[in-house]
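Undergrad: Chain by chain, the residues:
Number of protein chains: 2
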Amino acid sequence: MDKKRRTIAIDMDGVIADTVSHFIKWYERDYGLRVGLDAFEGKPEAEGLPGNTVRKYVVTPGFFRSVPVMEGAKEAVLKLSKNFDVYIVSAAMEFPQSLIEKYEWLQEHFPFISWKNIILCGDKSIIGTDYMIDDHVRNLDTFKGTTLMFTAGHNVGVIHHRRVNNWKEIIEFLKEEV
Amino acid sequence: MDKKRRTIAIDMDGVIADTVSHFIKWYERDYGLRVGLDAFEGKPEAEGLPGNTVRKYVVTPGFFRSVPVMEGAKEAVLKLSKNFDVYIVSAAMEFPQSLIEKYEWLQEHFPFISWKNIILCGDKSIIGTDYMIDDHVRNLDTFKGTTLMFTAGHNVGVIHHRRVNNWKEIIEFLKEEV
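Chains A and B are the protein sequences, given in the same order. Going by full-length UniProt numbering, 65 is the number at position 65 of the first sequence; the sequence numbering is gapless. Going by full-length UniProt numbering, 40 is the number at position 40 of the second sequence; the sequence numbering is gapless.
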């Protein structure tokens, strides 16, 4: 039991925050059209909605503050935090207005995550945890530890990282690793 | 020249931002008394000013936004960024109001640092760069790479990290490492 606890970097958007649902909800609210999840498949996330809408939403104050929690994420992260040192690592720096919103969102939905375990960054290449759970290949590709790729429309064709489709699968995989 | 560029994590407060000068300046403005730098020596930084004043200032909106740049830091960081991948890593998460202020401060004083190279975090133990320049022993002690301890009142007695007293000494040391 003296073994050093292993560390996990967990992404926010697309992993514990259901950003795509929120894009779809806002688009329906603003344009009266409901797009399907398939609209986000096989292309960069920014192209999931017509025009420049995704880009517009991610710089809109309030967007990140009001994103719903990904299904199963809260219970799963709480469970993981018993056996691992869990860090929430989000590439928030591109959208500075999101910094405080992401902090407040975590306080609301993941109050058991200490401020000490939150990292808001740009590039994730210098994150030195044992595991990384992320949906973006660009973050996983430069990571030196074990990668878990959370399924998202933009990564459907990717086969060089271990794919996980939901939080249940993450728990299944990591319980063997404790 | 194909060698992978090495990475440096550079702290903000007490390293590129002259926080102590700012504490002294605000204290004189508010209480009419000028304390010397020696008031910060050999004790935790939070005890450098009478009462709870340091703690009060670090949660005051505008404090971090208006801190002066540490002498020589701007030119030195610019020079280092030619040969290293420079990351600014600040333990800002304890004071969430500082997140946007620190981002804006960097935009103003270090505009050559991309948002991709900024990390606002809590605990720095998962930072996996080759070098870390920091004044706090708690950050340097858990770091796996080469440490450079920037002299501050609170670290005067520490001898288990390589001490650097100013930015000139950092450049001297790192030019041998390129």
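Accuracy of the hints is not assured; some may be wrong.
Same chains, same names: a pair is fine if it fits in one copy or spans any two.
Only pairs whose alpha carbons sit at most 20 Å apart, straight line, appear in this in silico EDC-like list of lysine to aspartate or glutamate [claimed, not checked]: (1) Lys144 x Asp85; (2) Lys168 x Glu28; (3) Lys79 x Glu176; (4) Lys116 x Asp38; (5) Lys144 x Glu47; (6) Lys25 x Asp123; (7) Lys56 x Glu75; (8) Lys4 x Asp141; (9) Lys56 x Asp85; (10) Lys168 x Asp30; (11) Lys43 x Glu71; (12) Lys43 x Glu176; (13) Lys25 x Glu177; (14) Lys116 x Asp18; (15) Lys168 x Asp38; (16) Lys82 x Asp123; (17) Lys74 x Glu47.
If you are wondering where the hints come from, they were derived from the structure by calculation, not from laboratory data.
Undergrad: All hints are to be evaluated individually against the structure, with a verdict given for each.
TA: Going down the list of hints, with the structure as the test:
Taking the shortest Cα distances, Lys144 and Asp85 sit within 20 Å of each other both inside one copy (17 Å) and across copies (17 Å). For the homomeric pair Lys168 and Glu28, neither the shortest alpha-carbon distance inside one copy (29 Å) nor that between copies (57 Å) is at most 20 Å. For the homomeric pair Lys79 and Glu176, the shortest alpha-carbon distance inside one copy (14 Å) is at most 20 Å, but the shortest distance between copies (47 Å) is not. Taking the shortest Cα distances, Lys116 and Asp38 never come within 20 Å of each other, neither inside one copy (37 Å) nor across copies (30 Å).
In this assembly of identical chains, Lys144 and Glu47 lie within 20 Å of each other by CA distance neither inside one copy nor across copies; the values are 29 Å within and 40 Å between. Taking identical chains as interchangeable, the C-alpha atoms of Lys25 and Asp123 are never at most 20 Å apart, the minima being 28 Å within one chain and 35 Å between chains. Neither within a single protomer nor between protomers do Lys56 and Glu75 lie at most 20 Å apart by alpha-carbon distance, with minima of 31 Å and 36 Å respectively. In the homo-oligomer, the alpha carbons of Lys4 and Asp141 lie at most 20 Å apart only across protomers (16 Å), although the nearest pairing inside one protomer, at 26 Å, exceeds that limit.
Taking identical chains as interchangeable, the C-alpha atoms of Lys56 and Asp85 are never at most 20 Å apart, the minima being 35 Å within one chain and 30 Å between chains. Proximity of Lys168 and Asp30 under a CA criterion of 20 Å is satisfied in neither setting, with 33 Å inside one chain copy and 55 Å between copies. Neither within a single protomer nor between protomers do Lys43 and Glu71 lie at most 20 Å apart by alpha-carbon distance, with minima of 23 Å and 47 Å respectively. Within a single copy, Lys43 and Glu176 get their C-alpha atoms no closer than 33 Å, and across copies no closer than 45 Å, so neither meets the 20 Å cut-off.
In this homomeric assembly, Lys25 and Glu177 never come within 20 Å of each other (Cα to Cα): the closest approach is 37 Å inside a single copy and 52 Å across copies. Proximity of Lys116 and Asp18 under a CA criterion of 20 Å is satisfied in neither setting, with 24 Å inside one chain copy and 23 Å between copies. In this assembly of identical chains, the alpha carbons of Lys168 and Asp38 never lie at most 20 Å apart, being 22 Å within a copy and 56 Å across copies at closest. Proximity of Lys82 and Asp123 under a CA criterion of 20 Å is satisfied inter-copy only: 18 Å between copies versus 28 Å inside one chain copy.
Within a single copy, Lys74 and Glu47 get their C-alpha atoms no closer than 28 Å, and across copies no closer than 38 Å, so neither meets the 20 Å cut-off.
Checked against the numbered hints above, the structure breaks hints 2, 4, 5, 6, 7, 9, 10, 11, 12, 13, 14, 15, 17 and satisfies the rest.
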